[in-house]
Amino acid sequence: MDELYVLARSVLLDALEALGPHRQACVLVGAQAIYLRVGEADLAVAPFTTDGDLVIDPRRLSDAPPIERGLLAAGFELRGGDSVGIWVTRRETHSHADVEVAVDMLVPEAVSPGSGRRAAKLQGHEPRAARIARGLEAVLFDADLMRVAALSDSDARGFDVSVAGPAALLVSKLHKIADRAGSPRAKDKDAYDVLRLLRGTTAAEMATRVRRFRAEPLSKAVTVEALGLLGSFFGRADGVGSQMAVRAARGLADAQEIAVSCVALAEEMLDALRD
Amino acid sequence: MLSSDNELVRLAAEEIGRLLPLGWRIEGSAIEPRNSAVDGRAFIVAPDGRRAIVLIEAKRSLDPRGASELARRLGIELPGEAVIVVSPYLAASVRDRLKASGLGYVDLTGNARLTLSSPGLHLETTGADSDPNPSLRPTRSLRGPKAGRVVRVLCDSREPGGVRDLAAKTGLDPGYVSRILALLDREDLVERDPRGRILKVEWERLLRRWAQDVPFENRGQASSYLEPRGLPALLERLPQSRLRYVITGSLAASRLAPIAPPRLATLCVESLDRAAEEWSLRPAEAGGNVVLVLPTDDWVFAGAGEVAAIKYAAPSQVAADLLTSPGRGPAEAEELFRWMTANEEKWRG
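Listed in order, the protein sequences are those of chains E and S. Taking this note's numbering, the leading residue of the first sequence gets 1, the next gets one more, and so forth. Taking this note's numbering, the leading residue of the second sequence gets 276, the next gets one more, and so forth.
Just so you know, not all the hints are guaranteed correct.
To be verified - Pulled from the structure, derived: some chain E residues nowhere near chain S, Cβ distances all over 12 angstroms:
hint : residue
1    : S62
2    : A74
3    : T89
4    : A110
5    : A186
6    : L198
7    : L218
8    : A237
9    : I258
10   : S261
What the hints assert, rightly or not - Okay, the calculated beta carbon distance ranges per label pair:
hint : chain 1 : residue 1 : chain 2 : residue 2 : range
11   : E       : E205      : S       : P533      : 31 to 37 angstroms
12   : S       : P558      : E       : G20       : 40 to 46 angstroms
13   : S       : P605      : E       : A204      : 37 to 43 angstroms
14   : S       : P601      : E       : E205      : 32 to 38 angstroms
15   : E       : L273      : S       : E619      : 17 to 23 angstroms
No lab work stands behind these hints, which were simulated from the structure alone. All C-beta atoms in this analysis are idealised placements derived from N, C-alpha and C, irrespective of residue type, glycine included.
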């Protein structure tokens with residue numbers, strides 16, 4: 001396994017450790033959650049980057065101690081400039097002298113106390129400790145406790161942490177693709193993650209989980225929107241999402257196969273939700 | 276060769292003589308010069324001394340199409356002559372065509388027909404309806420659907436034995452096996468002792484020859500499908516499958532001699548529809564990642580190996596299939612050949 005993966009997991013565990021009692025208000029999302037949920041269904045594209053992403057549920061978060069206290073003590077600091085909710089730390093590996101690894105703290109828009117553009121302004125905590133993100137609401141209702149352990153033999157740590165379910169991860173990925181579409185921040189890999197989630201989960205399981213959070217007032221709107229995005233981005237072989245997935249897998253998998261697989265799986269899931 | 280044209284002319288005359296009514300005889304059978312329209316001639320003599328010339332055309336084998344062409348040629352070159360076509364065996368369909376064209380015939384199993392107007396004579400007898408001695412027909416290729424069985428057994432076993440052993444192992448007619456071996460012998464692909472036992476098999480050249488004669492698209496009826504969750508999802512389903520199947524192609528080759536991650540699964544199955552249904556594959560015109568093949572001969576299932584409860588075709592089968600497969604198939608076949616050469620003890624029984 002690439003040492004960067006080992007490092008990314010190790011830094012994530014550092015953050016979870018530093019969060020102490022606040023861990024129970026966190027849900028792991030992003031690439032590391034996808035990896036835990038659907039594994040490496042195939043190895044064509046590197047399964048995750050070095051960053052970790054944690055959703056904080058303000059409704060379950062206590063006011064004290066401030067989350068920044070533990071994080072700062074553990075060697076994390078808020079990235080400067082105008083960024084919000086990005087906690088970084090620097091590490092050394094065999095092949096890289098100085099690697100910056102980040103852990104993003106995110107709060108779903110529907111439950112954010114701060115109503116500004118970015119800072120979540122969690123009560124009792126550094127206002128810029130976490131940032132508001134739209135599309136993550138489903139995570140609040142689709143998560144399961146999973147063991148998140150170190151990937152290195154010399155690291156015995158592991159925590160039982162809420163990990164977002166594949167359906168909530170799908171919804172958040174679709175929103176991310178839509179938010180960034182057409183901008184330089186658009187990443188083809190996000191579409192490949194959608195394919196990875198659809199491949200690694202049965203349509204029946206996806207449908208069961210989606211039904212659960214589609215019925216919740218807090219996550220209903222983002223869910224309905226995401227299902228529409230799934231159809232328009234991935235429901236056609238020449239759709240934006242299908243073509244992003246094709247580009248992400250370029251040279252590693254057959255373009256046509258990726259495109260028609262996106263369509264088949266998107267259709268299958270949308271069909272399962274109609275039943 | 277037993278049935279040279281000259282030999283057949285002689286045998287034809289002998290056979291007709293045997294069938295003639297009492298008092299009739301055949302005489303003066305002669306071989307015609309090489310450039311004449313037929314191979315021989317003879318006189319048929321009636322009890323009253325009247326004689327008729329019959330021309331004899333010898334064919335080592337004759338199929339219906341050949342019969343039609345022959346009739347057309349003789350109709351132009353020798354209109355109105357009495358001609359007898361002789362061959363070791365004439366199938367009913369061939370006899371019908373000859374009859375319809377007004378040609379006489381005789382074969383060595385007792386099928387004969389001859390009509391003369393002067394002196395008036397009609398004789399017609401029926402012999403065998405199937406070729407009793409198919410080894411008289413030389414085989415020129417490995418195209419036959421069952422020829423692959425002989426190829427496979429020759430490659431897969433170090434001591435394949437002789438004709439009888441091969442016939443017993445493959446469930447084929449010894450005459451057929453013998454013709455295949457004669458071809459392989461002529462082409463120097465096998466070495467036999469004087470008693471006919473196989474001493475040596477040039478297995479790599481033999482597999483290449485087989486692939487050349489029967490390219491992958493002729494090995495069965497193939498259909499393309501999509502497993503949208505990718506090949507790992509299909510492989511997960513196979514151990515529980517109740518269907519008879521075997522994996523060939525790059526997925527099977529990469530297990531032994533990997534060159535690149537396989538992107539296409541090729542499986543031989545007994546029923547395309549049942550397999551597609553049980554494995555939840557969707558028909559795909561483009562972008563498919565699974566090809567199902569309904570093989571022309573179910574010998575592809577023979578000698579399959581099992582790894583982690585998944586069935587893979589024998590390496591000899593995989594190599595021959597890959598040689599004429601699209602994409603990277605031929606390159607994968609070459610890599611597999613290298614592995615097979617280096618690891619003969621692992622796959623030749």
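Each hint tested on the structure:
{"no.": "1", "hint": "S62", "result": "holds (42 angstroms)"}
{"no.": "2", "hint": "A74", "result": "holds (38 angstroms)"}
{"no.": "3", "hint": "T89", "result": "holds (35 angstroms)"}
{"no.": "4", "hint": "A110", "result": "holds (32 angstroms)"}
{"no.": "5", "hint": "A186", "result": "holds (24 angstroms)"}
{"no.": "6", "hint": "L198", "result": "violated (8 angstroms)"}
{"no.": "7", "hint": "L218", "result": "holds (31 angstroms)"}
{"no.": "8", "hint": "A237", "result": "violated (8 angstroms)"}
{"no.": "9", "hint": "I258", "result": "violated (8 angstroms)"}
{"no.": "10", "hint": "S261", "result": "violated (4 angstroms)"}
{"no.": "11", "hint": "E:E205 to S:P533: 31 to 37 angstroms", "result": "holds (33 angstroms)"}
{"no.": "12", "hint": "S:P558 to E:G20: 40 to 46 angstroms", "result": "violated (55 angstroms)"}
{"no.": "13", "hint": "S:P605 to E:A204: 37 to 43 angstroms", "result": "holds (41 angstroms)"}
{"no.": "14", "hint": "S:P601 to E:E205: 32 to 38 angstroms", "result": "holds (36 angstroms)"}
{"no.": "15", "hint": "E:L273 to S:E619: 17 to 23 angstroms", "result": "violated (56 angstroms)"}
In summary, the numbered hints that this structure violates are 6, 8, 9, 10, 12 and 15.
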